[in-house]
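Colleague: Listed in order, the protein sequences are those of chains W and C.
Numbering of the first sequence is given in numbering that gives the first Met the number 0, commencing with residue 0 and proceeding in unit increments.
Numbering of the second sequence is given in numbering that gives the first Met the number 0, commencing with residue 0 and proceeding in unit increments.
Note that these hints are calculated values from the structure, not bench results.
Everything numeric in this text was worked out from a predicted model, so none of it was measured.
Virtual Cβ for every residue (Gly too), placed ideally from N, Cα, C.
Where hints are given, some of them may not hold.
Covered by chain W, according to a simulated footprint, are these stretches of chain C (three or more residues, beta-carbon under 8 Å) [stated by the list, open to error]: (1) 22-28; (2) 60-70; (3) 95-104; (4) 226-234; (5) 256-267; (6) 270-280.
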Amino acid sequence: MSAVRRWNRTSTIVLIVLTLHVLMVIFPFVWMIYSTFKTNKEFMRSVWSFPTSLNFDAYIGAWSGGALGSYAVNSLIIMAGATIITVLVSTLAGYALAIYRPRWMPAVELSLTAAMAIPAYVALVPLVVMLRTAGLLDTHLGVILPTAAFNVPVSIFIMQAFFNTLPRELFDAGRVDGASEWMIFRVIALPIARPAMFTVGIVNMIWVWNDFLFPVVFLNNPARKTLPVGLTDFVGEHVTNYPVMLAAILMAAIAPLILFIFFERQITAALIGGAVKE
Amino acid sequence: MSTDIGLAKRHNRATLLFLAPALIFVCAFVAYPVVYAGWLSMFEWDGASDPVFVGAGNFLKLAADPVFWASLGRNLLVALSAIVFQVFLALAIAYCLVRIVPAFSRIFLFFYLVPVMVSEICIGLLWRFMYNPYFGLVNAALKAVGLDSLKRGWLGESETAFLAVVVVMSFTYLGLYVLLFTAAVRSVPESVYEAAELDGAGDLRKFFSITVPMVWDAVRANSLLAIIGSLKTFSLVFVLTNGGPSHASEVVSTYLYKMGFASFQMGYAATIGFVQMALTALAAWVVFRFLRRKGDT
Numbered sequence: 000m001s002a003v004r005r006w007n008r009t010s011t012i013v014l015i016v017l018t019l020h021v022l023m024v025i026f027p028f029v030w031m032i033y034s035t036f037k038t039n040k041e042f043m044r045s046v047w048s049f050p051t052s053l054n055f056d057a058y059i060g061a062w063s064g065g066a067l068g069s070y071a072v073n074s075l076i077i078m079a080g081a082t083i084i085t086v087l088v089s090t091l092a093g094y095a096l097a098i099y100r101p102r103w104m105p106a107v108e109l110s111l112t113a114a115m116a117i118p119a120y121v122a123l124v125p126l127v128v129m130l131r132t133a134g135l136l137d138t139h140l141g142v143i144l145p146t147a148a149f150n151v152p153v154s155i156f157i158m159q160a161f162f163n164t165l166p167r168e169l170f171d172a173g174r175v176d177g178a179s180e181w182m183i184f185r186v187i188a189l190p191i192a193r194p195a196m197f198t199v200g201i202v203n204m205i206w207v208w209n210d211f212l213f214p215v216v217f218l219n220n221p222a223r224k225t226l227p228v229g230l231t232d233f234v235g236e237h238v239t240n241y242p243v244m245l246a247a248i249l250m251a252a253i254a255p256l257i258l259f260i261f262f263e264r265q266i267t268a269a270l271i272g273g274a275v276k277e
Numbered sequence: 000m001s002t003d004i005g006l007a008k009r010h011n012r013a014t015l016l017f018l019a020p021a022l023i024f025v026c027a028f029v030a031y032p033v034v035y036a037g038w039l040s041m042f043e044w045d046g047a048s049d050p051v052f053v054g055a056g057n058f059l060k061l062a063a064d065p066v067f068w069a070s071l072g073r074n075l076l077v078a079l080s081a082i083v084f085q086v087f088l089a090l091a092i093a094y095c096l097v098r099i100v101p102a103f104s105r106i107f108l109f110f111y112l113v114p115v116m117v118s119e120i121c122i123g124l125l126w127r128f129m130y131n132p133y134f135g136l137v138n139a140a141l142k143a144v145g146l147d148s149l150k151r152g153w154l155g156e157s158e159t160a161f162l163a164v165v166v167v168m169s170f171t172y173l174g175l176y177v178l179l180f181t182a183a184v185r186s187v188p189e190s191v192y193e194a195a196e197l198d199g200a201g202d203l204r205k206f207f208s209i210t211v212p213m214v215w216d217a218v219r220a221n222s223l224l225a226i227i228g229s230l231k232t233f234s235l236v237f238v239l240t241n242g243g244p245s246h247a248s249e250v251v252s253t254y255l256y257k258m259g260f261a262s263f264q265m266g267y268a269a270t271i272g273f274v275q276m277a278l279t280a281l282a283a284w285v286v287f288r289f290l291r292r293k294g295d296t
């Protein structure tokens, strides 16, 4: 693509400045990782030094008691539920937005764009009332449904961008054969859409896993809390043992990081696709 | 002709069916709650006993509530700082990555995106260590460069709490905009740069004369994204300061949360959200009109 640039003094300076800057950005994470291998004594002696030996006590300490494990299970359930709903719903809608263009479609697009801009906290009090009436407060489903709804608009636009890249003849061929619209979707569109659905799924998994506002308000029962919410409780209870606290934070952060390491290409593509729609 | 009309009708129905699940979800859990918030704002309600109708009472209370307006002002400051320290800084970084050190762009981008992937709660908890008044790294760094006098409990003092939160936000979300701008900067055709190079333009000149004007659409879109994100901000503020000390770093979301779920003034909390959204919609309308006029000429 871009012509190979000759390395000059500017390149060296830029490289050094960017390296220093990126080190500042990720330092808290690097510090968290190596600090979990320290003993509390070592930590107290010097907060920022490297560990003198590899020590896994912090992980054992964080895992014992089982609270983190139960928070992680809750997070997994909510993540799976919300992601599956969002992917299915937004694939159908994204397909319609890309393939059919009735006159009222721009109005639908505008409404979805507006919904994307609405902060979730505006709906907070009404949602609590609705969920309580439906008996869904303090349940996984009570978090799953609104979370999915708030992630649907942006996911639709990512799917629409994908379907827009497909040639129209692909679908017209089916019409000539007299196939129903549903058949065309199921037999032609759905199989090719799988990679895009997967991409939308991955970013939704990260968003739902990290979500805090809905779980912190809708879940009060400790047995139902998600990892970020439970983590704030856990940290409050372990203020005296810093490595244990940091190991707990690391366990909450590790799942999205692993997804990012394995699916970097899909995730960056989805973030670009979702943002371009403005 | 008649088959075209038949096809159009068939398409209309198919479109509706494909859209139905999405529209039902968005209407039930986004649109309806917003309308419902407007209804609830006319009541005084502790969440348990019967709501008492107070008409415009909550709105009058809100209009005279200095904490709300200060919080809204802070949301706008967050937006302003996001445009400068996230959007424009990210554009400069993206230019460097794509045009100056392309061999390293992928690895840098990966690290810049790490904070975007991790939960804001984890990030906030980690930064509480950085800001710790006794052993925090920020104070240690100040001591190392001989600025002992500036050492303080950054999150605990009302003069610095909000600034400290804004700094964390800049570090956290920057990577998203670096990503979006690298895509935009890459789309500028090589030939434009080559022409400028023949005229002897340096990197700084090329950045301001070519890259910035060529990706201006992306700058606008990303600024809009940053503004929307700034109005939504909650988790980082919640975990770092929870709006304190004494409302010094309060934003609308944390204030609403406190009113609704700590002091159980649910009607008033609904009012805060509803008014915030109405003001945002008004601002968005003004901005859109402004942008459209510019685009038309």
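Colleague: Of the numbered hints stated earlier in the document, which are not met by this structure?
Modeller: 2
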